[in-house]
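> Given the coordinates of chain G, work out where chains P, E and U should sit on it, guided by the hints.
Here the protein sequences come in this chain order: G, P, E and U.
Those letters in the first sequence? Residues 1 to 369, per full-length UniProt numbering, in order.
Those letters in the second sequence? Residues 1 to 369, per full-length UniProt numbering, in order.
Those letters in the third sequence? Residues 1 to 369, per full-length UniProt numbering, in order.
Those letters in the fourth sequence? Residues 1 to 369, per full-length UniProt numbering, in order.
Derived by calculation from the structure, the hints in this document are not laboratory data.
Treat the hints with caution; some may be incorrect.
Said to hold, decoys possible - Quick look at which bits of chain G chain P covers, simulated, 3 or more residues with Cβ under 8 Å:
id	segment
1	245 to 256
2	301 to 315
3	318 to 324
Note that the Cβ used here is the ideal one computed from N, Cα and C, for glycine as well.
4 protein chains.
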Amino acid sequence: MEDTRRINVGILGATGTVGQRFITLLSTHPWFVIHKLGASPRSAGKLYPKAANWKQVTPIPSAVREMVVHECKPEHFADCAIIFSGLDSDVAGDIENAFRKAELAVFSNAKNYRRDPNVPLIVPLVNPSHLSIIAQQQALHSPPLSKGFIVTNANCSTTGIVIPLAALEKAFGPLEQVIATTMQAISGGGYPGVPSLDILDNIVPFISGEEEKIEWETLKILGGLTEDDQGRKQFDMHARSPLRVSASCNRVPVIDGHTACVSVRFARRPPPSPQQVREALGAYTADALTLGAPSAPVHTISVHEEPDRPQPRLDRYFQEGAGVSVGRVRQCQVLDIKFVVLANNVSIGAATSSIINAELAVLRGVVQG
Amino acid sequence: MEDTRRINVGILGATGTVGQRFITLLSTHPWFVIHKLGASPRSAGKLYPKAANWKQVTPIPSAVREMVVHECKPEHFADCAIIFSGLDSDVAGDIENAFRKAELAVFSNAKNYRRDPNVPLIVPLVNPSHLSIIAQQQALHSPPLSKGFIVTNANCSTTGIVIPLAALEKAFGPLEQVIATTMQAISGGGYPGVPSLDILDNIVPFISGEEEKIEWETLKILGGLTEDDQGRKQFDMHARSPLRVSASCNRVPVIDGHTACVSVRFARRPPPSPQQVREALGAYTADALTLGAPSAPVHTISVHEEPDRPQPRLDRYFQEGAGVSVGRVRQCQVLDIKFVVLANNVSIGAATSSIINAELAVLRGVVQG
Amino acid sequence: MEDTRRINVGILGATGTVGQRFITLLSTHPWFVIHKLGASPRSAGKLYPKAANWKQVTPIPSAVREMVVHECKPEHFADCAIIFSGLDSDVAGDIENAFRKAELAVFSNAKNYRRDPNVPLIVPLVNPSHLSIIAQQQALHSPPLSKGFIVTNANCSTTGIVIPLAALEKAFGPLEQVIATTMQAISGGGYPGVPSLDILDNIVPFISGEEEKIEWETLKILGGLTEDDQGRKQFDMHARSPLRVSASCNRVPVIDGHTACVSVRFARRPPPSPQQVREALGAYTADALTLGAPSAPVHTISVHEEPDRPQPRLDRYFQEGAGVSVGRVRQCQVLDIKFVVLANNVSIGAATSSIINAELAVLRGVVQG
Amino acid sequence: MEDTRRINVGILGATGTVGQRFITLLSTHPWFVIHKLGASPRSAGKLYPKAANWKQVTPIPSAVREMVVHECKPEHFADCAIIFSGLDSDVAGDIENAFRKAELAVFSNAKNYRRDPNVPLIVPLVNPSHLSIIAQQQALHSPPLSKGFIVTNANCSTTGIVIPLAALEKAFGPLEQVIATTMQAISGGGYPGVPSLDILDNIVPFISGEEEKIEWETLKILGGLTEDDQGRKQFDMHARSPLRVSASCNRVPVIDGHTACVSVRFARRPPPSPQQVREALGAYTADALTLGAPSAPVHTISVHEEPDRPQPRLDRYFQEGAGVSVGRVRQCQVLDIKFVVLANNVSIGAATSSIINAELAVLRGVVQG
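Isolated chain G (complex conformation) (with noise of 0.2 Å):
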């Protein structure tokens, strides 16, 4: 029986590194059908080829090419089930809260309310339960809401960190420390971005808010959510069984796929050898997958045994880049266990994840389809 339905869903910042992405991935997308593009009023009223520097290896969608840009209101995205946002934070907080409160689904991969108590921070391949906390979002909304929401899904570098991780805490129990050092591609930056003097030759051991994002955001998605006597449901941010994580994070010369090299310390003693770590991974499947979300990834992590992968350019297109993949897991002289991931920034780490965390929605009837 073939899959019919057919959602329409608007973007806003259509025009940016993250819109882009979202028009060339829901352009074949099996449910959403692009309908509304969302961006500055510089843009609007303009034909999208237009008002657009399109920077894709794949053309413009032909659909897209004959659609017109609108300002950013919600008016103009009434019909729209889904609302996926490419918005820089600088405009993100506003808009998406307009578009809240206008009954309209918003999945946004700005950080502006990552850190709302009630609002979903969703790694897709992780923690889609986090979705239940929606409810109680809309009943709290003065005044309440039927229909509108905002769920967040993680920063890039997060993202490939923090799903090898929940497939070991799933496997062996709590972690009790992370040492995550980043290597972060340029598209991390979007465009015009990192300036090729600043990178050609070089790296920069600095990317603003980078590493407080990764040791913030990963006790939010991994740490459950806990609900007191009145119901009320909290983030539990991993206090059960406290985790430390510490993060490094580097600018290099690659252009997509960011690469971190991973030490943990599992709570368990002994804790796991490199051989279980490594079945472990190979093991883990994302939920997304057994629920039927589209876009979900077949196999969630690739374990590799030779000795000098993942590599960006090699490992990025791995499951279309909505997989991670893993390698070079062994001892680690300090704390346990160390590894390197590999994550594709600009599917997985970035459109790709909310448009997953949106099938999700649309599967658990959050969306109405």
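Only chains P, E and U this time, still in chain G's reference frame:
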């Protein structure tokens, strides 16, 4: 009073990458005079410019343009007081030993003798005192030697990390744990070395043998020398205060300059603050300078306050590559303190270290100039 | 009606860069079935994944994972109707000749037989009619052959330039002068190929033999075939209307995609306008498509109107690398017209050309499928 | 006899890329003393290190560390004998004119006045004689000026090409045709300039306005000055012997150093041989050296015999960037001779040219030191 020493030196592996650096650096050295050049039998008998595929940005020094390359046999180098070896490890073992046996003082970049219990492994800005084992190396040789010996310097990635670690131990006592993730330049792989198809728009999260070198060499360098009842000297390997080092090594598309993100835990509780660490690093002066080694950097460690430094392209020329640059000193959520260190792998990480080691050996009378 | 041809093919040099491309492309080919793999004696007897250092972004096709590599001897390939050769030129000469002698149809990427007066040099989007010389190649062989022959395709940099030149000659008559400056990708140098130390933050204004190939091959490809009184065919080398080609070749830090800046002078006065040239290029359809070659691109030449295109990273995937992209068509102050052309050197510049050539040979009945 | 000139100079646009180069170069200049710094109103009033995002590999000179940045108004620079302008063209027009009007001698990198019929466009290694038009520039100004004037230097890509062309015309008489294809470094685009996403693993075959500059500026620089019956001077634009120049400009992922492949046709028949051309290029000595300009390179043109030189990374520091490197001199199949030229765009292509121009103006008494 001007220094009028004139000491003849020979260079083994003179046509290779490290050999070219020796030539460039020594061509303007105040004491050392390039007297003989050694390379493979294939190069022997040729004028140096014909034998070498010169890849330095400065031209071949005029004195060297007219020199003929010899085979790496001690008889050709009998009138050299010092031998610098830039040989590859596959041939360095036998050749360096033959030179030592022929009563020549060898300063080697190769890894072959680094683990020898009677060969000092010296980062000149850290542990010149280890030169004191040379007498034992000579006495235990069969037959005993009067002038010949081998001194090695550390692996290029170890060197950059161990200098700030030494400064921290000097100021705050022993370290207990070190986790280091390196991002290493392609020049560390020699020439032709890393294929461009492997590294353009890419990183390779593996360098054969490199992690083991950092984890082991650090202990030999930072540990002291102990003496048993019979007066026999032994490297302590930091055994008095056990230190665990965990390294993850990556190749990145940077030409020169190895960067490392380092987290450390001190034995002392409470640990020093980031500001105390910054001050201690900035205040560290290598004994090599105090002792008068002409190639020792005036400033050993440059401590950056800017959030995004050090960067290889901007900071690798600090002290003409003989010093190291540290930045981003801050608290680590898991260990105590983390920071970024950059060292020029082709200068202090290679030829410059050998040269300062030789200068120190002259100053201490171990070499007869 | 579905095409149900199934033709067994062998790949020589299967472990190398071009061989890996053949495998990737042929693994989904509608007609050709990878049946045998050949490589050096060192690889013979190994399973393909053990023998090859696989560097493609898609994994080794599953059918090939289980195949054993053979030595490049005709007896191992007797049941192949077509042989694709990705051999290096230092061995291609003898091996390809032995295969031809064994009555095998060889489609070669190597340069060895390109200048042979009886071997066609075919850019499949330009001169498939040159296949007609195969009968003469077979007849003149000693002993005469009934099925064996060699077809070569052009050098990767020639291919990109000659396609728009062919379109221009078709529309406006013969050219008199061509000046081309190339900026060629590192993948053109094979693996390990160009050392990273030579090309990062650099260009190398020289590629051995490349300029001569462009200057000579262009004449053979664009010139027709003439027939003398005895019916003996001969390549005209553009002699009826002499054409002079001057090439300057540069290696640049680009992974895939050769770009060339080309200026041309037409015999016809006045020459066509830039707009006429743009239209002619856009209207050019290769005969290979008309003839039904399944790998022929639907659009041969993409003509860009944007001022800053084509660019290798954005345009090298046009038609899955089988078409070429042209832009910046404008007047030349010295010759008549200048433009920029980009061709994917690992696709239409190499394996894809051989494959389309083989498809054309099948369609014309030169190969018995 | 030591040169004891001490001339106060001001730098406009001091915080930008060219301004930083002026500061670096002038900090050790034998005559010129950095006396005042000018930048945008946003920077005015700040200490230089606070105002500038310093991107040079050498630190900010100590004398400049304490200097306060001024607005670019002539009253702040009244005690400067020379003004170096690294201003962007969008503001350079008005500001440089205001400084000229205030009787200040302006040496500009900006394009604004290059086409002014009374402003000399001087590549200091080619046409310092054009300084002679300054008197006319001053006389025609309203009101006439006694000390104020503007001298421009050429576009960075023009500079590299025109130096060997001047050498050829000096030796062999006028050229008739020049076709040049450039591969230009990212530093030519300023900072932040070229986005890394546009140039990593890529080339961009277009630089706005660049081709027109090369095609036009070459004529003004290489053409002489003529004088009419009224003694009025006029730039000849190579009109006596018409020269056509065709340029194609590309941005490549190189940090510093513009490379060009150049083909030329001489008026004289037969044309000189490649060997004659090599000798003429090697023998060319710029008048700037003979006249005693301290920053003029001792060798103007380095002629390489190796087949694969010049290369930007190896040759851009020739003569500290003040000379140019030429290689691959050979016959062109279409014009007469072709060669490769490399010039350091941030040195002789920018600040160094302005400085030598100023030195020449001092030596000729046009500036009162």
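> Determine for every hint whether it applies to the structure shown.
Right, here's what the structure says about each hint:
Remark: the segment 245 to 256 of chain G is confirmed as covered by chain P, as 8 of its residues place a Cβ nearer than 8 Å to a Cβ of that chain, reaching the required three. Note: the segment 301 to 315 of chain G has 8 residues with beta-carbon separation from chain P under 8 Å; the three-residue rule is met and the coverage holds. Only residues whose beta carbon comes within less than 8 Å of a beta carbon in chain P count, and the segment 318 to 324 of chain G has 0; fewer than three means the coverage is violated.
Of the hints listed earlier, the one the structure fails to meet is number 3.
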